[in-house]
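Asks: Given the structure of chain R, go ahead and fit chain V onto it with the hints provided.
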Amino acid sequence: MEEQKNIKDHIIDYLLDDGEEKAISPVLSDWLAEDVSNQKEFEQYKKIWKASGSYTVPDAYDSDLAWEKINTINGQRINTRTYLKNISYVVSGVAASLLIMFALSFMGVFEKNTEVLVSMTADYGNRSEIVLPDGSVVKLNSGSEITYLYDPKEKIREVSFQGEGFFDVSKSKSPFVIKMAGGLSVKVWGTSFNLQAYVDDPVIQASLVEGCIELDSGNDKLVMKPGEMAVFDKQANKIKQVEGILSHSYGWLDNKLYMEDMPLSVVCKYLERWYDVKIMLQPGLGENIRYNGVIQEETVTDVMNALSRLSKIRYHVTGKNISITSK
Amino acid sequence: MSDTTTTDEKLIEAIGRGDYVSYNKLFERYYTRLCQYVYSLLMDKSDAEDVVQELFLKIWKNREKIEIKENVSGYLYRMAKHLALNQLRSKVYFNNLSESKDQLSYEENWVETEEFRIAVYDCIDRLPDRSREVLLLHRIKGLKQKEISEKLQISVKTIKNQIWSSLQKLKRCLELKEI
Numbered sequence: 001m002e003e004q005k006n007i008k009d010h011i012i013d014y015l016l017d018d019g020e021e022k023a024i025s026p027v028l029s030d031w032l033a034e035d036v037s038n039q040k041e042f043e044q045y046k047k048i049w050k051a052s053g054s055y056t057v058p059d060a061y062d063s064d065l066a067w068e069k070i071n072t073i074n075g076q077r078i079n080t081r082t083y084l085k086n087i088s089y090v091v092s093g094v095a096a097s098l099l100i101m102f103a104l105s106f107m108g109v110f111e112k113n114t115e116v117l118v119s120m121t122a123d124y125g126n127r128s129e130i131v132l133p134d135g136s137v138v139k140l141n142s143g144s145e146i147t148y149l150y151d152p153k154e155k156i157r158e159v160s161f162q163g164e165g166f167f168d169v170s171k172s173k174s175p176f177v178i179k180m181a182g183g184l185s186v187k188v189w190g191t192s193f194n195l196q197a198y199v200d201d202p203v204i205q206a207s208l209v210e211g212c213i214e215l216d217s218g219n220d221k222l223v224m225k226p227g228e229m230a231v232f233d234k235q236a237n238k239i240k241q242v243e244g245i246l247s248h249s250y251g252w253l254d255n256k257l258y259m260e261d262m263p264l265s266v267v268c269k270y271l272e273r274w275y276d277v278k279i280m281l282q283p284g285l286g287e288n289i290r291y292n293g294v295i296q297e298e299t300v301t302d303v304m305n306a307l308s309r310l311s312k313i314r315y316h317v318t319g320k321n322i323s324i325t326s327k
Numbered sequence: 001m002s003d004t005t006t007t008d009e010k011l012i013e014a015i016g017r018g019d020y021v022s023y024n025k026l027f028e029r030y031y032t033r034l035c036q037y038v039y040s041l042l043m044d045k046s047d048a049e050d051v052v053q054e055l056f057l058k059i060w061k062n063r064e065k066i067e068i069k070e071n072v073s074g075y076l077y078r079m080a081k082h083l084a085l086n087q088l089r090s091k092v093y094f095n096n097l098s099e100s101k102d103q104l105s106y107e108e109n110w111v112e113t114e115e116f117r118i119a120v121y122d123c124i125d126r127l128p129d130r131s132r133e134v135l136l137l138h139r140i141k142g143l144k145q146k147e148i149s150e151k152l153q154i155s156v157k158t159i160k161n162q163i164w165s166s167l168q169k170l171k172r173c174l175e176l177k178e179i
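Sequence order for the protein chains is R and V.
Position 228 of the first sequence, counting from 1, maps to 228 under the numbering used here, and the rest follow consecutively.
Position 31 of the second sequence, counting from 1, maps to 31 under the numbering used here, and the rest follow consecutively.
The shape of chain V in the complex, shown without the other chains:
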């Protein structure tokens, strides 16, 4: 991952000089990830996309003034959180922000659980499609084991085995990230 970090910084530098192509590269690299993160704060997909789009627009608008003193990824996630909180003030959500409602400024400390969550999403992205599907059918769609079994035509035992193997993969992936 250290290669990417260096290139991220180079992109920011180039963006500061008005390089739109680098801006597009940064967008392609971070848009979806940031959406997944903001979704976990606001629990609404289209609001998440609005916030991340706002973030990128602000970056371009203020490109000459941006100074990033730490890693680019951390900066972007913090900015996303800040903008998400702004969004929150204008609506009422069922959300995961209750533990960090006080942290309104994006200069504040990063919340450890958020870093963990972001890492988990990246690891789930990397799971084989089938394993991820089984996990998500239960976790996200709320299907019971029997329903998943009927839908995918596999036994409940297989489902349990799949979920276990996914857990092992996720655990390993997180260990590699040192989270």
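Only chain R is shown next, with the shape it has when bound in the complex:
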């Protein structure tokens, strides 16, 4: 029985060995030599271990989004009665307005040329991605929402947007228009760019990767070229170009937060959105402490650890609430 207990450890150690040539310990070697059935068992573990290396969790795949795409391409309709019977599996995980659009498509409403308002939201703590009917892809950061009028006869080329998103807009002769709160609209022609337009921020920031976009606030206009970054001041109602490192503005796609002389108060605002937490800062601390660098962490506790190493702060987590004080 002692042997048996040891064997398990030897087998595990063998499997967990990251080296090129895995080492078979003497104890393991003896055990294998004892009986053919031991060798068979060992082979089975090795096979299982190998196969597990290319496993992906089911959550890695968005079947609802895929069904959306497939459904659109198939252009199918089903009659009302069948839809009502099968609503349970069609509905799961889909945002309410997308469901409405589905339901209406199943009921043949689109045949009557009705327009439907569709919106996609990424809550705090979440991120999501949407493929618009014209093929444009928008990656939504936490706390964002995109809304558009779906018209099956015409390609939609106008959306309302708030929050932060990375847009990959399909090329087309007609411009794609994004309207935001604060009075700014962005016209794009086949581009990729990042847009940060949170309703509670005093500014809207745009960073253009490729293509061409035009910012329009009614009073002010700016045409941007690839590589450029611009900021719209909502209060002053002015658009101006700014200098910066382009890739930093969409670092969030890789879960990176780039900080260039960024005050702790601003860092906290990002954390609240990305992780859906509430942060209480000791008064004065938010402005006095500034960071330079980049953090890329999985959990909010990892981030807090990193920050408390970079600066003299102490933090305390209770569920979704974090309080930060000076050390």
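No lab work stands behind these hints: they were computed from the structure.
You can trust all of the hints, since none of them are fake.
A few chain V residues facing chain R, derived, Cβ under 7 Å:
1) Tyr-31
2) Thr-32
3) Cys-35
4) Gln-36
5) Tyr-39
6) Ser-40
7) Lys-45
8) Glu-49
9) Phe-56
10) Trp-60
11) Val-120
12) Ile-163
13) Trp-164
14) Leu-167
Here a beta-carbon is modelled for each residue, glycine too, at the ideal position from N, C-alpha and C.
Replies: Structure of chain V alone, referenced to chain R:
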């Protein structure tokens, strides 16, 4: 599993008659599994999803012509492999297809190791969340035992025990599937 097989065949029949609801049922039943399989061939999640979506689109488009003479599951996996290989021709991947690059047609023989792999994925899906997490942190994310220990706040010994118990469960699950 034999219940599902019969129903799968009924779904295909219904799809052939233009029943979109059955088509949706088939999609819900197989989409994720097929993605996991194609991922293991192409090692890219979004390419895997593209291939599986292409598969379903082809099924609907050719619904009147589809004739499946063996089990539906086998047919779908073979078709997925065929389409994945097509995808491969247009890109260069780090992939698991090296052993079967010659098998380009989906009428070819099923590769035993693939069947084993598919069964293992299904068994891993069935592991308790915590056990799966420990296994994957090492296997997929490449974390060392010490790193897992710090991340999950459990001892290295517990990790080893968990992995062993997961292995036993997987072995048992495969035995039940007769793989």
